[in-house]
Each structure stands twice: as structure tokens, then as C-alpha cells.
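Given only the sequences and the hints, what does the whole structure look like? Please build it.
Same order as they appear, the protein sequences are chains A and B. Per my numbering, the very first residue in the first sequence carries number 1; after that it's consecutive. Per my numbering, the very first residue in the second sequence carries number 1; after that it's consecutive.
Calculated directly from the structure, the hints in this document are not laboratory data. This one's a predicted model, so the numbers in the text were calculated from it and none came from an experiment. Accuracy of the hints is not assured; some may be wrong.
Simulated crosslink set (PhoX-like; lysine-lysine; CA at most 25 Å straight-line) [as the list claims (entries may be wrong)]:
hint: 1; chain 1: B; residue 1: Lys9; chain 2: A; residue 2: Lys180
hint: 2; chain 1: A; residue 1: Lys9; chain 2: B; residue 2: Lys100
hint: 3; chain 1: A; residue 1: Lys100; chain 2: B; residue 2: Lys9
hint: 4; chain 1: A; residue 1: Lys9; chain 2: B; residue 2: Lys214
hint: 5; chain 1: A; residue 1: Lys2; chain 2: B; residue 2: Lys64
hint: 6; chain 1: B; residue 1: Lys100; chain 2: B; residue 2: Lys79
hint: 7; chain 1: B; residue 1: Lys64; chain 2: B; residue 2: Lys100
There are 2 protein chains.
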Amino acid sequence: MKLSQFGEKFSGLTGIVELMDDLGGALNENPEMIFMGGGNPARIAEVESVFRSRLEAIIKDSNKLHSLMGIYQSPQGDKEFLTEVAALLRRQFGWRLTAKNIAISNGSQPAFFILYNMLAGSMSDGSQRSIHLPLAPEYIGYSDIGLSDSFFTATRPEIEMFNDDLFKYRVDFSKLAIQKETAALCVSRPTNPTGNVLTDSEVEQLDELAGRAKIPLIIDGAYGLPFPSILFNDARPHWNENTILVLSLSKLGLPGVRTGIVVANDEIVNAFSNANTVVSLANGNLGPSLVKELFKSGKILSLSNDRV
Amino acid sequence: MKLSQFGEKFSGLTGIVELMDDLGGALNENPEMIFMGGGNPARIAEVESVFRSRLEAIIKDSNKLHSLMGIYQSPQGDKEFLTEVAALLRRQFGWRLTAKNIAISNGSQPAFFILYNMLAGSMSDGSQRSIHLPLAPEYIGYSDIGLSDSFFTATRPEIEMFNDDLFKYRVDFSKLAIQKETAALCVSRPTNPTGNVLTDSEVEQLDELAGRAKIPLIIDGAYGLPFPSILFNDARPHWNENTILVLSLSKLGLPGVRTGIVVANDEIVNAFSNANTVVSLANGNLGPSLVKELFKSGKILSLSNDRV
Numbered sequence: 001m002k003l004s005q006f007g008e009k010f011s012g013l014t015g016i017v018e019l020m021d022d023l024g025g026a027l028n029e030n031p032e033m034i035f036m037g038g039g040n041p042a043r044i045a046e047v048e049s050v051f052r053s054r055l056e057a058i059i060k061d062s063n064k065l066h067s068l069m070g071i072y073q074s075p076q077g078d079k080e081f082l083t084e085v086a087a088l089l090r091r092q093f094g095w096r097l098t099a100k101n102i103a104i105s106n107g108s109q110p111a112f113f114i115l116y117n118m119l120a121g122s123m124s125d126g127s128q129r130s131i132h133l134p135l136a137p138e139y140i141g142y143s144d145i146g147l148s149d150s151f152f153t154a155t156r157p158e159i160e161m162f163n164d165d166l167f168k169y170r171v172d173f174s175k176l177a178i179q180k181e182t183a184a185l186c187v188s189r190p191t192n193p194t195g196n197v198l199t200d201s202e203v204e205q206l207d208e209l210a211g212r213a214k215i216p217l218i219i220d221g222a223y224g225l226p227f228p229s230i231l232f233n234d235a236r237p238h239w240n241e242n243t244i245l246v247l248s249l250s251k252l253g254l255p256g257v258r259t260g261i262v263v264a265n266d267e268i269v270n271a272f273s274n275a276n277t278v279v280s281l282a283n284g285n286l287g288p289s290l291v292k293e294l295f296k297s298g299k300i301l302s303l304s305n306d307r308v
Numbered sequence: 001m002k003l004s005q006f007g008e009k010f011s012g013l014t015g016i017v018e019l020m021d022d023l024g025g026a027l028n029e030n031p032e033m034i035f036m037g038g039g040n041p042a043r044i045a046e047v048e049s050v051f052r053s054r055l056e057a058i059i060k061d062s063n064k065l066h067s068l069m070g071i072y073q074s075p076q077g078d079k080e081f082l083t084e085v086a087a088l089l090r091r092q093f094g095w096r097l098t099a100k101n102i103a104i105s106n107g108s109q110p111a112f113f114i115l116y117n118m119l120a121g122s123m124s125d126g127s128q129r130s131i132h133l134p135l136a137p138e139y140i141g142y143s144d145i146g147l148s149d150s151f152f153t154a155t156r157p158e159i160e161m162f163n164d165d166l167f168k169y170r171v172d173f174s175k176l177a178i179q180k181e182t183a184a185l186c187v188s189r190p191t192n193p194t195g196n197v198l199t200d201s202e203v204e205q206l207d208e209l210a211g212r213a214k215i216p217l218i219i220d221g222a223y224g225l226p227f228p229s230i231l232f233n234d235a236r237p238h239w240n241e242n243t244i245l246v247l248s249l250s251k252l253g254l255p256g257v258r259t260g261i262v263v264a265n266d267e268i269v270n271a272f273s274n275a276n277t278v279v280s281l282a283n284g285n286l287g288p289s290l291v292k293e294l295f296k297s298g299k300i301l302s303l304s305n306d307r308v
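And the structure:
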């Protein structure tokens, strides 16, 4: 079988393939195992029962059921869901958002595949741009995502030792210099896999650096802010017109429904939705159907804060 | 916003974006409209009630519900589902298949995105390979999928006029010459959008040509064989080790669940699954959960033949 460069690069054994293979094997073959590695969420009876009720309500309403299974959504995603997500974030945090600032994807991995490759890699003028990770180590799932080589750069962190077992690592701003080849800054918050949480001040500084360089600051909020809120301090959610915040329903207990949420300025949301349509055609309806009402009522936040 | 070459190419207004935008707008804003264009399936009460029953059974079984929502599947897809798909096709058509020959994707569009780019485009040796469409016109959703330029070539069909309004078009084998740059042949059967169905003899000839050139024959069976069987003659389903057959649950009434099925030799299935993991991380569980039992019982075929 002759493979293209894409084929050679993407179809080999990568870190994320091995992780997902282990994860899928472990949990599907040993369902009783308590498996907290690899991003698999814990099973929480109270959260599960909320989703069960939502699914029951959908089954009872033949139009809702038809809409879940039988209709392609618009490229950007279910319009009612986009509106509710924007309204909740606006209400809760004062962010100036409408449905035009929200797009859906089939999970956050495909969202990052599209966002990263949309911004970085080979440019029309022949130059190469890269995604910069201000804080390494970062999520293993990013590393193979770039369509061209040398896709990522990183800044070594500043490490403060508390004792032999405990340390905290921070962005080393003395070493962080944005190059002209830098297409975007990207952090996960909490950081995947270590759980380190960037402070509000670190985020502010990154935001300012990105803004000055006119490049986006991408925040992967899969574990974090404002939901599912798997973090243990008072870090504040961050978004503005220059931030691309990527959220996910996976860590809320729904990895099987594949729903990612991109919050960005409308130019980026529009470009993202178009590219997502070429790659994916449409998004799955299960995630938006299950949680639409939870966004409307705000319960998604209390569920995250009190139960997850 | 500075975009990469990928960004410029993929995030603009493409044919498929306009189609999906119209489709999503039309059906979500006017749910009563009978909208048969753009690949949206009709709403058939009997088929819907089968899926409703499956969903009810899942909700009642807490392990099944957890498995639907709360677990990442292995890269290749839900193992039980892969086994049932292979068993059904083996039983029904005598194809020599096991679970190793089946992979799942979040719809057939992402399956084609990965398959096409895995095989064609820029090669390591600097050359370019392309996907050849033996019968044009073909599905609009293919056209923007290639990561590099000049991604497709096509052979002009032979057209037989029956009268002023009716004609049949066929592969013109006298003009079809596979070049050394040809990475694969690809046809949709029935052809999307015209509904033309390649005859068994046309498929055999394409299969032989592809086999001789040692390139795969890709068949897009989204509308067709063996399910949902939206065709009106006795064409026979085709598969062998050199065929990549891509099926979909969309035209069976489930476009919202995003499930594509790739049937190929194990080398291709393995490469595909790995690439799909980098791009998508994992597949949605709703499609496999809903139809697993229908594959096991063979009801998927009778439902397609008698009801769709």
C-alpha cells in the first residue's frame, strides 16, 4: 500500500493511538475497573441520572427524537444550543457573546486538529508558522496533529520545589519570546496531564503578549473552566475577542457523545465552522440534545461545581 | 487573522458548506418541510420506532447507558459492533471478513477525508498522486477534501439518450486509463447526486483495472449496497481485499448520529483507525449502540429492503 505524506505521518503508531487503544481495551473489556487515567471520566450516579432524564424526555417527544437522529445540523451546530451556551456565558461571566461566537465539533480533538492547522503550518508565502506552548509538558494528543513538520514550539517552565515530592511549575516569562513564526499561544487549563492550573495573572500576561503580537491565545478548557470545573482553587474563567476557548462535554461524563465547543470571535468561528464542514460534514446531535436544557437553566454549572 | 494554506483552502465558502448551511437552516427552521435534497433522509415512522425501541432498551440498562455516554471507544470502534458488522456481511455475501476488516468513523465524510488524504496528495518522494473518479459528476462533498491541489482526476462518461428527458451514463472504459499518478479509483454507488447505479459488470471491470494497477477501488455506499438499499434494480454488493467499501447510517434515517463504516483489508483498516484517532480521538457511541442488535439479527437488511 502506497501512502501519501499525510498517510505516513497520521496512520502510524502515535502516542495518542496507543493511549486510546489501551483506554478502549481496558474499559470495554473490564467494565468494573476504576480507570481514571487517559482522560476517562469517573462514573457519578447523580450526573448519570441527570443525563438519563434528558434522554427519556427526548424519547417521549417525537420531534425531539427526530431532531436527535434524523436531521443534519447546520455547519456551526444546533442553533438553539449555540444560543443557550452564549447566553449562559454572557450571564455568568459578562463575556460579550452571541450564538455567532460559538461553534460545535465532534469532540475537542477534531476542534484542535482544525484550529491548529488553520493557523499554523505552511503559509501561502512559503513560510512556516507554529503553535507555541508556553508551558510544557502538554497534552499528548496535540503532538501528532500538525499537517507539517516542526509544528510546535515550547518554553521550558520555571519549577519551584516545595519538597522532594511536590513542586509547582509556572510559565517562565523571562524566556517566553513570541517569534514572528508564532501563529498562536496554546495552553490547557488545568494543564493536561499534570493538573497544574495557570494562575489568573499568568493568563492575563499570556493574553497581553498574544494581543500585542496579534495572535490568538488558545485555551483548552476540557477539564476546566467554567465546566466541568475539575480544579481545586479559585482560578477565574477567561475569554475575550482574542481568546479561543475550547470546551468539551467529555470530562462531564460524556466522552461517548463527542461534543466540543469553540468560543471565539465570529471571524474565527465562521472559518472554523466552514473547515469543520469539509472535514466532518456535520456534528453529532446527542451532546447538544442532552445538555441544551442544562445550559438554559444554568444547571451545567451547579452540576460541575457540586457534583463532578 | 493570518491563515495557513490549510486555513485558506478549508475555511472558505465551499460547495459543501453552502449545501449544509441551506440544509441545516431549512430543516431546523422549518421542521415540517419535506426536504429530500442534499442527502437528508425521509422520516419513516416504522424505522423511527425501531430506533426508539433500541434507545429505550439502552436507557433501561444502566451499563448500556454508561457505555453509550461515559466511555471512550477504542480507535477502531466498539469491538462488539465491528464483530457483528463483519459477521452479517460474511453470512449474507460470503465476504471473508472479521472485526479486523471494519472500522468506524464519525460519518462517512471524515472517513473520506482520511482515506483520500492517506492515499493521495504529496508523496514523500516529492511526487503528487490523485484520486480518480471513473464516473463524473460525483458527490460535491469530495471536491474540497484534498489537502493539496489537483487532487482529483475524472473520466468523462459515455451518455446514452433514451429520449429528450431520459438518459443513462456509463463508465467510458475506452477512455479510462489509470496513470502512474493515480492513487485509487473512487465511485459512489448509487452515484450521488444523480442516482445512477453502476452495473455489476462496470464494477467488475473497475475492480480488475484497480487490481492490475495495485491501487484500491473505493466504493461509497452511503445510499446503497447492502444498506440502506436506496436503489431500484438488482445490483449486487461488491467487496474484496482490494476494495474499500464505505457505508453510512445516515441514509437509514440517522444523519444526526454521525456513523460511517469502513470495510477494507486489515492493513488499510489499521492505518485508517490510527489516522482517525489523531484527527477525531474517538468515535461517537450512539450509532453503534442503536444498530448493534439490528446487525446481529440481520434486521438491518430487511429494514432497508422493505421499509426504507
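* **Restraint check for A/Lys9 with B/Lys214, where alpha carbons must lie at most 25 Å apart** => Answer holds: A/Lys9 to B/Lys214 is near 22 Å, not above 25 Å.
* Asked: Holds or violated: are the alpha carbons of A/Lys100 and B/Lys9 at most 25 Å from each other?
  -> Between A/Lys100 and B/Lys9 the Cα gap is close to 22 Å, so the pair holds against 25 Å.
* Restraint check for B/Lys9 with A/Lys180, where alpha carbons must lie at most 25 Å apart -> Satisfied, since the Cα-Cα distance of roughly 22 Å is no more than 25 Å.
* Asked: Is the Cα-Cα distance between B/Lys100 and B/Lys79 25 Å or less?
  -> holds, 9 Å
* **Hinted pair A/Lys9 and B/Lys100, Cα distance within 25 Å** => holds, 22 Å
* Asked: Between B/Lys64 and B/Lys100, is the straight-line Cα distance small enough, at 25 Å or below?
  -> Holds. B/Lys64 to B/Lys100 sits at ~24 Å (cutoff 25 Å).
* Please work out if A/Lys2 and B/Lys64 have their alpha carbons no farther apart than 25 Å. => violated, 40 Å
Checked against the numbered hints listed earlier, the structure breaks hint 5 alone; every other hint is satisfied.
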